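Starting from the known structure of chain Z, arrange chain X on it as the hints suggest.
These protein sequences, in sequence, are chains Z and X.
All residue numbers for the first sequence refer to this note's numbering, where the first residue is 1410 and numbers rise by one.
All residue numbers for the second sequence refer to this note's numbering, where the first residue is 1410 and numbers rise by one.
Check the hints yourself; a few may be wrong.
One copy or two, it doesn't matter: identical chains are merged, so the pair holds either way.
Said to hold, decoys possible - Simulated crosslink set (DSBU-like; lysine-lysine; CA at most 30 Å straight-line):
# : residue 1 : residue 2
1 : Lys1648   : Lys1679
2 : Lys1664   : Lys1488
3 : Lys1754   : Lys1799
4 : Lys1679   : Lys1799
5 : Lys1559   : Lys1754
Just so you know, these hints were derived from the structure itself, not from any lab.
Predicted model, so just to flag it, every value in this text is computed and none were measured.
This is what each chain is made of:
Protein chains: 2
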Amino acid sequence: MNPQSSPLLTDLYQLTMLQAYFDEGMEETAVFEFFVRDLPPQRNFLMAAGLEQVLQFLENLRFAPEELDWLAGCGRFNKAFIGFLATLHFTGDVNAMPEGTLFFPHQPILRVTAPIAQAQLVESRLINLLHFQTLIASKAARSVLAAPGKLLVDFGLRRAHGAEAGLLAARAAYLAGYSGSATVLAGVQFGIPLYGTMAHSYIQAHADEAAAFERFAHSHPDNTVLLIDTYDTEAAAEKVVQLAPRLQQQGIRIKAVRLDSGNLSEHARKVRAILDRGGLGEVGIFCSGNLDEHEIAGLLAQGAPIDGFGVGTRLDTSSDAHYLDCAYKLVEYAGQPRRKRSEGKATWPGRKQVYRCFAADGRLDHDVLTLEEDEQQGTPLIRPFMSAGKRLAAPEPLAESRSRAAAELALLPQHMKQLEAASRPYPVEIAPALRQQAEAVDRSAH
Amino acid sequence: MNPQSSPLLTDLYQLTMLQAYFDEGMEETAVFEFFVRDLPPQRNFLMAAGLEQVLQFLENLRFAPEELDWLAGCGRFNKAFIGFLATLHFTGDVNAMPEGTLFFPHQPILRVTAPIAQAQLVESRLINLLHFQTLIASKAARSVLAAPGKLLVDFGLRRAHGAEAGLLAARAAYLAGYSGSATVLAGVQFGIPLYGTMAHSYIQAHADEAAAFERFAHSHPDNTVLLIDTYDTEAAAEKVVQLAPRLQQQGIRIKAVRLDSGNLSEHARKVRAILDRGGLGEVGIFCSGNLDEHEIAGLLAQGAPIDGFGVGTRLDTSSDAHYLDCAYKLVEYAGQPRRKRSEGKATWPGRKQVYRCFAADGRLDHDVLTLEEDEQQGTPLIRPFMSAGKRLAAPEPLAESRSRAAAELALLPQHMKQLEAASRPYPVEIAPALRQQAEAVDRSAH
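The shape of chain Z in the complex, shown without the other chains (with noise of 0.2 Å):
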């Protein structure tokens, strides 16, 4: 069973819930919407994204025969139950905001609608696939904003949290502007730009340093990035500058060099007037070793002279806010708007609508959350992508994804652009039907 496709990654309450709509005959059409409750404290806004594993997913959904067979053997289901399971599959639709989009608490990025047994049992995998991916592009989103035009490769696939996390977080990275990843899984199955040269390891493998590296640039002419900090960074930079002529011979030209440790600013700024001393003005230095948005903004504030940066461990588990407070809420059941009024887990009911409003500049000015029905000025974010279990259109090309992040970004108004928290939220209006409708179902409560 592959954990990434199977209905079994799971949790139990939804089978013993489905189990118990089936006893009952309860089999109309269900309505879940995903939200974020709130803003990390650190985050001006966050941006969406996983839909695309959403809906794979969704597409996919089928239980194979050893997990019917496991599910019959455990002792809690009923032999009608698992026949009913036998047959199901996603006919549903998804409406969503695409990926890429900025977005705001309590508004849905993605909405289920589908027979209850059908929106119940992925709401599992549905949260562990948004979550995670919208987490690392609201996280990567804000080290392009901190760092414009500088090289950005993510380097978290060792740290972030099992195979998955490795590989959906460099998604989610390059989809928020990041140049590429060192994961090369996901350049095979996403096309991401890949990145990467040499560790430690390759250097202490060696007698001798410079041996290392001349060895390294043979085996790559055209990708020669040197490690220079595992003894002394400056006397190694002056290594490179020794090096450099002899392989200019040869045509090989040193791209860059990385530095992994120390105070980054003052060994950029000395290696840089090595190299240039040495000759070597278009040697780039890159840097990495702990690094996230605000470092970043540190060093580039500072002036070092640094052209790149490799981020890791902060990036991949998006260390400032290692999780989103959201949800997969029912909002409507046959035909009747629902809310879950529970302290402080308050939602609003029915299927809703999120309208953007753009001020004179372009620039992001407010939103309205309403009902679907309730048309507003602005612009509808959210839009039909599967109909009754089927898409309707070819999978977004990635590039498309990040192209419209980067729109995204570019429009937010310079306060929101800060790593800090902006002093005041974003205005999202909640329309007057939409308050309507949330008293009128507590009115109708129980």
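Just chain X, lined up with the frame of chain Z:
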């Protein structure tokens, strides 16, 4: 290509280094060790986990034809090297601390001894696997210590970072002493006990809360746990009392109620009183909603009458320490000990062993870190698991690793069982032989 087993789930630099090693004819034995540099601020110990997945990965390490085709077509590697990769499999040795062992900074929990290409290639995925499960087991052990005798269930799949994180977090939490998980696939793949009943959407999909309770009980007479906070917690508890006699006549005993919002301590007390007054003294109270070990300890310290806890996001993301400062470093190549000296990132050279010494009362007293051949008093913690690419024993059953974890936690001195950081770190002595080795390596440096 399955990301969990593909050798392309790696950093590009592993492959560029392998090409260079290949070109240079470097194929001597390399020794790499995985260790954690520092404890996160709130940890007094770490728990080793993930070894079983590492051994599986190494056993099955092969490049599939389509993976070789991709590498051949990407333009970075030569044909002879692709031919070398086509025959590559793991022929090395693995020594490690068994899963569930407690460990401390700078102690290797895994050593790989193999021809350098093999040992280097697997770095990214080995770190990815060991880091995450060790992170989660170490986090989970804290709630196990905080809530002795209580039911503890992993609820974290939805906000875990992707599919594998959800699955392996369930495994690591169970290993560390959790009672089970809500994640069905973790039950299928690892035999972990499963827990779960209903979500708010189940209640909301019914016109009437009491009817929802009753119908669910009929579908799950042996597993009736009712979620009572969708609208008004105490009112719902009264409905449970009303319902119980009718269900009892039909042979259905309500097992527990679940609270998921509001002031859990206060609600639990009120609900306990309502249930007891209604003759339902044996119906348990299970709580969830933004819990971690601190919340749990707080609730128990207040004497809240709670029988079990569902712990989700904060467990599966290890919310107070969502990564470990860990590394997989070359410590020997071609028989020569190696050491990285980068600022703030220096490592101990050579193949190492950890000896654990116990106090008179049987509890942990101190450890000694030394070279493998330098025998010391105490119990050596690192054992052989794989030789020449073959496992030395069948996979350890998870129940056995879990028993070890429990035994290890029981031997912690009292001050290390606290949730707060101990005033002094656990003593790990560096043996003179290891210090001398490090000095010798430094003296011979270039």
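Comparing the hints with the structure gives:
| no. | hint | result |
| --- | --- | --- |
| 1 | Lys1648 x Lys1679 | within (14 Å within a copy, 74 Å between copies) |
| 2 | Lys1664 x Lys1488 | between (65 Å within a copy, 24 Å between copies) |
| 3 | Lys1754 x Lys1799 | neither (33 Å within a copy, 53 Å between copies) |
| 4 | Lys1679 x Lys1799 | neither (58 Å within a copy, 49 Å between copies) |
| 5 | Lys1559 x Lys1754 | between (41 Å within a copy, 27 Å between copies) |
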